[in-house]
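Work out the full structure, taking the sequences as your base and the hints as a guide.
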Amino acid sequence: MNFLNGAIYSINAAALLIGAAGLLSRFLGVLRDRLLASEFGASRDLDIYYAAFQIPDFLYTVFLLGAASAAIIPVLLELKARDEERARQFMARLIMVFSIGSVAVSVAAFFLMPFLVGAIAPGFSAADRDLLITLSRIMLVSPVLLGVSNILSAAIQSARIFLIYAVTGIVYNLGIIIGIIFLLPSFGLAGLAAGVILGALLHVSIQIAPFYRLGFRFPGLANFSSFRLALLRDDSFRKLAALSLPRILALSLRQITFVALVAIASTLVSGSIAVLQFSYNLQYIPVGIFGLSFAVAAFPQLTELWISRDARRWGETVAAASRTIFFWVAPLSVLFYVLRAQIVRIFLGAGKFDWTDTILTAAVFGVFSVAIVAEALIPLFVRSFYALENTRKPFIIAFFAACISIFSAFGLVALFEYGPAAVVDFLRHFLKVGDTEGITVIGLSWAFAIGGIVQVTFLFFALRKEVAARFGGWYQLRMPWDEFFRISWVSLLAGVVAFGTLRTVNLAVTLDTFAGVFTQGALSFLAGAVTYAGVLYLFGNKEVEELVGTINRRLFRRDVLPREFDDSSRE
20 MNFLNGAIYS
30 INAAALLIGA
40 AGLLSRFLGV
50 LRDRLLASEF
60 GASRDLDIYY
70 AAFQIPDFLY
80 TVFLLGAASA
90 AIIPVLLELK
100 ARDEERARQF
110 MARLIMVFSI
120 GSVAVSVAAF
130 FLMPFLVGAI
140 APGFSAADRD
150 LLITLSRIML
160 VSPVLLGVSN
170 ILSAAIQSAR
180 IFLIYAVTGI
190 VYNLGIIIGI
200 IFLLPSFGLA
210 GLAAGVILGA
220 LLHVSIQIAP
230 FYRLGFRFPG
240 LANFSSFRLA
250 LLRDDSFRKL
260 AALSLPRILA
270 LSLRQITFVA
280 LVAIASTLVS
290 GSIAVLQFSY
300 NLQYIPVGIF
310 GLSFAVAAFP
320 QLTELWISRD
330 ARRWGETVAA
340 ASRTIFFWVA
350 PLSVLFYVLR
360 AQIVRIFLGA
370 GKFDWTDTIL
380 TAAVFGVFSV
390 AIVAEALIPL
400 FVRSFYALEN
410 TRKPFIIAFF
420 AACISIFSAF
430 GLVALFEYGP
440 AAVVDFLRHF
450 LKVGDTEGIT
460 VIGLSWAFAI
470 GGIVQVTFLF
480 FALRKEVAAR
490 FGGWYQLRMP
500 WDEFFRISWV
510 SLLAGVVAFG
520 TLRTVNLAVT
530 LDTFAGVFTQ
540 GALSFLAGAV
550 TYAGVLYLFG
560 NKEVEELVGT
570 INRRLFRRDV
580 LPREFDDSSR
590 E
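So in this note's numbering, the last spot in the sequence shown is 590, and the numbers never skip.
One or more hints might be untrue.
[What the hints assert, rightly or not] Think about it this way: if two alpha-carbon atoms lie no more than 16 Å apart in a straight line, the pair counts; the simulated EDC-like pairs of lysine to aspartate or glutamate are: (1) K412 with E485; (2) K99 with E335; (3) K561 with E323; (4) K371 with E58; (5) K484 with E408; (6) K99 with E323; (7) K561 with D501; (8) K371 with D64; (9) K258 with E408; (10) K258 with E58; (11) K561 with E502.
[What the hints assert, rightly or not] Each pair of labels, with its calculated beta carbon distance range: (12) S205 with G519: 46 to 54 Å; (13) F46 with G453: 52 to 60 Å; (14) I326 with R522: 51 to 59 Å; (15) L50 with A534: 14 to 22 Å; (16) F504 with F419: 25 to 33 Å; (17) R411 with G559: 16 to 24 Å; (18) I227 with I326: 37 to 45 Å; (19) A209 with S327: 48 to 56 Å; (20) A209 with A541: 34 to 42 Å; (21) F129 with L50: 29 to 37 Å; (22) H448 with I227: 51 to 59 Å; (23) A146 with R332: 58 to 66 Å; (24) V549 with A261: 45 to 53 Å.
Everything labelled a hint here was simulated from the structure, so no lab data went into it. The model shown is predicted, which means the values in this text are computed figures rather than measured ones. For every residue, glycine included, the Cβ atom is placed at its ideal position computed from N, Cα and C.
See the structure below:
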């Protein structure tokens, strides 16, 4: 198997490689956030920077109407099965149509920006809004580049080449880090925005070579005349639009939810948006590494199994991916909550990010941690629907969850701000924030977490019914509930052990230095992780046994991957 461009047929192998690259990407993301936290702390400047992402990010979601890999892949695979040349023409036209449309929308957004920022940051002053307008306009280039990159990625993933896709996140964060280190000192926040553009440019650039290697091409000027034809006469475009539209609406609802939370945070104390974003980024580390990796890796196979109507393997694939995701993220959810203060201080505690910022961010991060399992399973369940060519139900469920998140946000913020003193004091004690100001932002994290839990619950039950309708029996989607239960209680046990270790180490280690905090957090996490793996190993857990086998092969036999992870013989 060619390391960069070889096809991978095993979901576990693909997810392992995507996850490994994702881990490096998340590490760079943490480094990026640490640099920002050190430079600004939880301040209004950082609020403005993060608020500037909202409109470009929303446009990027809208642009997925023509650049959603989850919608492109089924259409492309179907075309390739019939006529590979037609598949190549389809991709060239898609790039052309997307480029023209996205640039036109971005130009319109450029001129409408003064009106748009009033909706996303109603609590900002006039001077803050002026700076927000400038940064948002600079970042409008990003969704166009990322959209084109998504189209290239869909073509590459359809050939089961996943590593290039995984590396895109690494180079994107590298671009932002370059902006922080080299452009921020000279150009201020505008330099940060330029770093985002650099990251997006790198994101698309590294996919051009493998895209061409697969036989695809960018459209030339001669293809411009086919622009209208592509929209009106090509059945593949109509099918892509039909698959994409509900998905884009669903993603837009998720984005609108976060925009609404940011808008509310802009009316709170300075630094609230930064605290919310820092906490969300930390929570997303396991979601991206495990939840998204397995969802992306499983999607092409789920699509092919639906095309071949292989009900048994389709159900087994979803169940196995769910189990593996749950195995990794359930203990992390518990350990992240127990060690929330140590994690925040280790990753973000530098420069202007003081203990007050740490306490508030840790509380928000702790709430986000409660929903890690839900957030990690959502991508898999949603893509399972897409593989069945049903994008309507995920949209309806996302709409319902978004409404719950937004409406509950207002109520929870009001509770923290104006609720009975006894209730607020209890919440302060429970979340360990003491007399820290600005705790109302915690209500926003609760609203987001509640929405995620509601969404994953409804997605599962709806998926079970969908499978029954498509394959003729809900038994085709048998989830390993006994293993889920065992993993859950062992995760809680690991959390108890980690908490006990935390208290014990605290007696001998000072928390006034980075080394002390790191020692306390690392030893406690290690104790919890060893407990989790050890107890599950005694119960004969498949994932732990495979992990032990992988380590043994790696250390003693020097095989890169065990047979279960590498089906390279199928290349």
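Taken at face value, is the distance from the CA of E485 to the CA of K412 at most 16 Å? 9 Å, holds
Mind checking the hinted window 46 to 54 Å against the Cβ distance between S205 and G519? Since the Cβ atoms of S205 and G519 sit about 50 Å apart, the hinted range of 46 to 54 Å holds.
Can the suggested window of 16 to 24 Å be confirmed for the beta-carbon pair R411 and G559? 41 Å, violated
Going straight from one Cα to the other, do K484 and E408 come out at no more than 16 Å? At roughly 15 Å apart (the allowed maximum being 16 Å), E408 and K484 satisfy the hint.
With respect to the beta-carbon atoms only, verify the hint that A209 and S327 lie 48 to 56 Å apart. Taking Cβ atoms as reference, A209 and S327 lie about 52 Å apart, which means the hint holds.
Regarding L50 and A534, is the given constraint of 14 to 22 Å on their beta-carbon distance met? Holds: the Cβ-Cβ distance is about 19 Å, inside 14 to 22 Å.
Restraint check for K561 with E323, where alpha carbons must lie at most 16 Å apart: 26 Å, violated
Holds or violated: K99 with E335, Cα cutoff 16 Å? The hint is violated at about 26 Å.
Next pair to validate is K561 with E502; report whether the Cα-Cα distance is within 16 Å. Given pair K561, E502 holds - Cα atoms ~10 Å apart, limit 16 Å.
L50 and F129 - C-beta distance against the hinted 29 to 37 Å: 31 Å, holds
Using the beta carbons of I227 and I326, state whether their distance is inside 37 to 45 Å or not. 29 Å, violated
Assessment of proposed distance window 45 to 53 Å (beta carbons of V549, A261): 50 Å, holds
The structure fails hints 2, 3, 10, 13, 17, 18 (numbered hints given earlier, in ascending order).
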